[in-house]
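Single-letter residue listing:
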Amino acid sequence: MSKIGVFICHCGENISATVDVARVAEAAGQLEGVAFSTDYKYMCSDPGQTMIKQAIKENGLNGVVVGSCSPRMHEPTFRKACQEAGLNPFMCEMANLREHCSWVHDKSEATTQKAIDLVRTLVEKVKLNKPLFSIQVPVTKTALVIGGGIAGIQASLDIASAGHQVILVEKDPSIGGHMSQLSETFPTLDCSQCILTPRMVEVAQHPNIKLMTYAELEKLEGSIGNFKATIRKKAKSIDEDLCNGCGTCTTKCPTKKIPSEFNTGLGMRTAIYVPFPQAVPNKPVIDKENCSYYQKGKCKVCEKVCPTGAIRFDQEDELVELEVGAVVIATGFDIMQPSGFPEYGYGKYKDVITGLQFERLASASGPTLGEIRRPSDGKIPEKIVFVACAGSRDPAKGVPYCSKICCMYTAKHAMLYQHKVHHGKSYIFYMDIRAAGKNYEEFVRRAIVEDEVNYIRGRVSKVYEENGKLIVKGVDTLLSAKPVEIEADMVVLASAAVANPGAEALAQKMHVSYDSYNFFSEAHPKLKPVETNTAGIFLAGACQAPKDIPETVSQASGAASKVIILFSKDELSRDPLIAVVNRSPAPVFSTCVGCFMCASACPYQAIGEELITNRQGKVIKKVAKVNPGLCQGCGTCVAFCRSKSIDIQGYSNEQMCAEVIALLNHE
Amino acid sequence: MSELIKKAAALLESKSVQVVIGYGKGTGNRTRTIFATQVTECENLIFDSRCVQNLAVYLTKLEIKKLGKPAIVAPVPVLRSILQLAVENQITESDLVILGITSESELIDFESFAAIETFLTTHKIEIEEKYTKTIDAIKAMPVAERFAYWVKELESCFKCYACRGACPLCYCTRCTVDDNQPQWISVASHPLGNLEWHIMRAMHLAGRCTDCEACYNACPMGIPIHLLTKSMLQDVADNFGSYGPSLDKQNTLSSFKPDDKESFIR
Amino acid sequence: MTEFEPKIIAFVCNWCTYAGADLTGTSRIKYAQNVKIIRFPCTGRIDFMLLLKSFGEGADGIIVSGCHPNDCHYTSGNFHARRRWIMFRGLLDMLGIDVRRIQYSWVSAAEGFKWADIVNSTVNTIRELGPYTEYEKVAGYLEKEANQ
Amino acid sequence: MQTENYLIRKPSLEKLFNDLIGGGKTIYAPKAKGDLALFSDVKTYSDITEDYIVTANSAKLVVFPRTEKLFSYHKSKEKTEITDAAGSTFPDVVLWGTRPCDAAAFIPLTDTFNGDYKDIIFNNRRERVFLISFSCSRSDEYCFCTSVNSGPGNTSGSDILFTKLSGGDYLAEVITPKGQLLVSENSDLFETKSEEDKEQQLAVVATRFNQVEIQAKLQNLFENPVWDDKSRACLGCGSCAYVCPVCSCFDIQDEAHGNKGTRLRCWDSCGFGLFTLHTSGHNPRETQGARWRQRILHKFLYVPNKSKIAGCVGCGRCSRSCPADINILDTLTSL
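Protein chains in written order, with this note's numbering: chain A, 3 to 669; chain B, 20 to 285; chain C, 9 to 156; chain D, 45 to 379.
One should not assume that every hint holds.
As the list claims (entries may be wrong) - Pairs of lysine-lysine residues, derived as DSS-like cross-links and limited to a Cα-Cα distance of at most 30 Å, are as follows:
{"hint": "1", "chain 1": "A", "residue 1": "Lys530", "chain 2": "C", "residue 2": "Lys122"}
{"hint": "2", "chain 1": "C", "residue 1": "Lys122", "chain 2": "A", "residue 2": "Lys399"}
{"hint": "3", "chain 1": "A", "residue 1": "Lys623", "chain 2": "B", "residue 2": "Lys88"}
{"hint": "4", "chain 1": "D", "residue 1": "Lys121", "chain 2": "C", "residue 2": "Lys44"}
{"hint": "5", "chain 1": "C", "residue 1": "Lys145", "chain 2": "B", "residue 2": "Lys171"}
{"hint": "6", "chain 1": "B", "residue 1": "Lys171", "chain 2": "D", "residue 2": "Lys77"}
{"hint": "7", "chain 1": "A", "residue 1": "Lys627", "chain 2": "A", "residue 2": "Lys230"}
{"hint": "8", "chain 1": "B", "residue 1": "Lys84", "chain 2": "A", "residue 2": "Lys620"}
{"hint": "9", "chain 1": "C", "residue 1": "Lys122", "chain 2": "B", "residue 2": "Lys280"}
{"hint": "10", "chain 1": "A", "residue 1": "Lys624", "chain 2": "B", "residue 2": "Lys149"}
{"hint": "11", "chain 1": "D", "residue 1": "Lys261", "chain 2": "B", "residue 2": "Lys44"}
{"hint": "12", "chain 1": "B", "residue 1": "Lys152", "chain 2": "D", "residue 2": "Lys75"}
{"hint": "13", "chain 1": "A", "residue 1": "Lys43", "chain 2": "D", "residue 2": "Lys77"}
Claimed, not checked - From chain D, some residues computed to sit far from chain B (all C-beta separations above 12 Å):
{"hint": "14", "residue": "Thr220"}
{"hint": "15", "residue": "Thr236"}
{"hint": "16", "residue": "Lys242"}
{"hint": "17", "residue": "Thr251"}
{"hint": "18", "residue": "Lys304"}
Simulated from the structure, these hints should not be mistaken for lab results.
Where is the CB? At the ideal position from N, CA and C, for every residue including glycine.
When you get a sec, could you build the whole thing from the sequences and use the hints?
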């Protein structure tokens, strides 16, 4: 006999403003099997939860429906409350009266009626709920961190320092990421490499961190606590154990004119190369695409000069399978190539560069050794124009979002320029200055006041070359919308931060969701910013959205702490919402006829065989069997099963049918 | 015919099989299935154009399994069903002996299911033009008229489940129509119950049906239910390329291609 | 006479469309009350029999929605679902069950606007098609005709 | 009542039909559907076919529909309202074109529904049924009416029996007062006529077995290989029972839609495995052989033991419709 309690939440006024909550509670009270029904201002609050617990005890409720916000928000809250009152947590269901009703409809009779329908539907479902018990799964206490930028470095160090094994995978030959390319960092202007490289070394030396550079994730299977990752170790063409990093090969390599990725094309590198002097590991790789031997079959200079005989031309990509319990994605971001904005002349005029290129120019380790010189003729620019929002906040041609870091680094760039070219003049075209952050506004002020950077509020309409100068035409919208024209020597575009080109493919490999810009989606925008929708996979840094360094580091530590929490127990409790094959009385034993179409459809290879034997041990039937450790509860098998012999707990055939009937039949 | 009889008798004689499932003389001009367990009974085996019942249906029946290992007279439609049953793990090669037979009464040996598949590549399912025309004509009706047509056709269905009984692929221990937790579809024979039953039956055969027409032949009310499965076979071909059982390929519905095309999903 | 208010039931997956519909709510985008959602773990879980049941129970229209191809939380549930829908839709069409009454869609967790649009356009379509009287006549047979 | 004989001219049949329709009667008559003839609700005389030995479906559907509402209910938290179908108005039905075997089947069928419990709905329907039967001028290898106390010109069960005469007109034998009433209401259509040449018009149906002997044999045949042998090809469908004019097994089904619903009486068949399946999983009739035995024993032993007549009228429908060509005569004659 069902004794269901129905609790309708006002959610302050979020629900009660458009839904007549009292009437919903009253209508619910009229439903067969409902023993208790009420409404309250904040069901999720402490008194609200206490009310539920008391009602369960006083009325002997064996099922609860909370009509409030989305179950994606508070299902765990209310299930826990039920559990505390002695009711199996899976006897609690939620009717989504806020996101799916009060927030999307105006106040009306129909809105209240819909709320009643939703509650009735869940009441009918909960009547068929069965007490379920969590599944215990062992946890592999090794974390996989993908991406060796500052986010991945921080996460790896934190997890490793907590005593767990970390495998750090980086696609490039060295860790360091974008941060290693930066000159100084805002708002303190401390040298990026000075603060980063000790961390990189720490990673290399940490006993708990296994570093795999020049490697990428090939495949990820399994689930939280027990993933199986396949890593492709790209052939470096060297034996890392033998190589001592002397650098002879890189100096002797005859192919020297390859634009350096690290120097954003402003410098050159060889075919066998270490991306930058402080690289970790400081061992070269051969870029097969540009190596004479690989391309033309001749050369092998490096092999000849290598004192340790570490060159391996026959090395092939290697696939390594790893068992890991958690994954941190820290794959970072990329810079939008401003070629979509012909008006800025990027690509056409050598002296129109991106902000990241400017970082390399300003960097002491850069191609100009820190002197600001024009790429075209090496002259020191007298006048320099910075264009903020070159692609950001531009739904038409760029991206609609704010890239967040540009305001600050543009101010920094102008400042660095002023510090290095004392007589130079710098101009910044901007839309708004977004300098929210500790000491950020002060930093921008300093640029304006102390370093006399000229901020012009307005957009640049055209950049063209005339007599060796870059004519920047724009408008100053702050005072009188008057046109501005600047004869500049150099133009720096603060191009938008975008997702990595491989982000979408990676997301699909890992089955995590991503947004329309291909940034990875967090599980909850506020309360679960480092989790993904896939349990056991966490996010750190700019792969989720553009971020500056302190924010990236914070999130990386956050993700690390989530991993550490996961690893703090030997076993993991999993939701028991998994598929099961039915049992029926002998001589049938199960209505499953063993066609195993479910097994071929299962995305997780979670369905195997079970032999049913009689008392003499003779096999009488072969039926499907679900491995509870592998089943993720998608229910694809359930919809497949013609004889309805496999069902999913929590979304059972009976429950779903009851919902359909209840939803469509009302007085 | 004597070839078939000789071969069947030899199989029983040598105790290679315990029963031969084949066609024999029935009432009037009909044929019926015979289950020869004695050498002498093999004399009654016949094969001609009237032998259309799909004998593969007996391979999964409890009563027949009890008789022991069977040899089965298998014209092309039966071979297709055997292969599909193999795909669905209902039979294994060692479970039976296949007495393959062409429409010209030539015997063919099949050492393996794979050999059946090879043979069937030259005997592909083809939907006869008379059926494609009827299907096209039905599909050309305005939607309400089409619905009325089927409601009318299904009116005489009294749910004897002969269609289910005769189908070699309806081998479930418990049919979903008999599952009342939940009551998936109306058990009763009324317009809704009949419609739901035939939709369910057809959907459960989607991508599995081998077009033997046993369901239609079995229907005591002559309802053209085979048009539904034939129409679905066309849909399989149109959307997923090929149809017909295959050991390598998975069933149409338990497999997919990431680039399966659809234009109706927004 | 009051305007016909279609009864529309929506079968959606938990990870994309349900979340997308949550986003519609968080974004306060308005849509018609006619559509009510039932939550499934995955479109792969959505049995065609439930769609059939919905018409039998008096639905005028149905929305089925889940993750975009390649975005399935469970990798491939939606791919399986898509094949099933293709076959089911073909069968219903053959039977003269108006396939315009079932709207299939992919709505991601980020597509709050799209969800509202799917709901509103489906409501409009069903409003134009009117109540599903042909099916109701079949389904409500026992209510109306005395017997047989 | 003493049978009275009349003559009805061929054209008057149509007039009679139209008068009945005009009088508000529902008429079920054989209508062609493909190669079959089916008892169908017919409104136009020309829709009726004469080209049939027996129809594929049986006439029992007018008194024992394949699905019948027993009651409907409406639940609320306080009470449950029930509307009993027994109180509804049932249609006045004329069965036109029943064969003598069809008509004879109404006798055991009516017995079944009037045992310890008198079924109100059945009886209400039965009272409103008028049987206009037509004698058989043709038969086939499936027919065995003469072996079960009936025959191609047998009058039992019918209200009126028409026999087509050589000239194309019909002999009308009026068997019941209901029949007499119809004749008097349509006296212009009926002419007085004697019975003399009826027998010559009838099909010859050989006697295939002796029912009494069969009944006696069956007493001791419960354990016998014949049941498995004869039913080996059985596909476990219900077509034999569903086309049978005497089979009366039913299943009770509730169809619920939220808090309202109906309770239905639906045909069921002993051929189905589910028919006797216990909740425990045990099935006392585990194989088709056991089910086939039940079918034969019920018709030729249990029913005659109880009510003196067989539960079979020899129409042969079960054999004709069997997709596996399981022939009841085969079994009966091999006992």
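Each hint tested on the structure:
A C-alpha spacing of about 24 Å is found between Lys530/A and Lys122/C, which places the hinted pair at or below 30 Å, so the restraint holds. With a C-alpha separation of about 22 Å, the suggested pairing of Lys122/C with Lys399/A holds against the 30 Å cut-off. Distance hint between Lys623/A and Lys88/B is fulfilled; the C-alpha atoms sit about 17 Å from each other, no more than 30 Å. Distance check on the hinted pair: Lys121/D and Lys44/C sit about 25 Å apart at the alpha-carbon level, within 30 Å; holds.
For the proposed pair Lys145/C and Lys171/B, the alpha carbon gap of about 13 Å is at most 30 Å, so the pair holds. A distance of roughly 12 Å separates the Cα atoms of Lys171/B and Lys77/D; the hinted pair therefore holds under the 30 Å criterion. Only pairs whose Cα atoms come within 30 Å are accepted, and Lys627/A paired with Lys230/A is accepted, the gap being roughly 22 Å. As the CA atoms of Lys84/B and Lys620/A are separated by approximately 16 Å, the hinted pair is consistent with the 30 Å bound.
The hinted pair formed by Lys122/C and Lys280/B meets the criterion: a straight-line CA distance of about 21 Å does not exceed 30 Å. Only pairs whose Cα atoms come within 30 Å are accepted, and Lys624/A paired with Lys149/B is rejected, the gap being roughly 42 Å. A hinted pair counts as satisfied when its Cα atoms are at most 30 Å apart, and Lys261/D with Lys44/B qualifies at roughly 27 Å. This hinted pair checks out: Lys152/B and Lys75/D have alpha carbons roughly 26 Å apart, not beyond 30 Å.
Taking the CA atoms of Lys43/A and Lys77/D, the gap is near 67 Å; set against the 30 Å cutoff, the hint is violated. Residue-level check passed: Thr220/D sits 29 Å from the nearest beta carbon of chain B, beyond 12 Å. Here Thr236/D stays apart from chain B, with its beta-carbon at least about 40 Å from theirs, past the 12 Å limit. Listed as a non-interface residue, Lys242/D keeps its Cβ farther than 12 Å from every Cβ of chain B; the least gap is roughly 28 Å.
Listed as a non-interface residue, Thr251/D keeps its Cβ farther than 12 Å from every Cβ of chain B; the least gap is roughly 18 Å. With a least beta-carbon separation of about 15 Å from chain B, Lys304/D lies farther than 12 Å from that chain, consistent with its non-interface assignment.
In summary, the structure is inconsistent with hints 10, 13 from the numbered list given earlier, while agreeing with the others.
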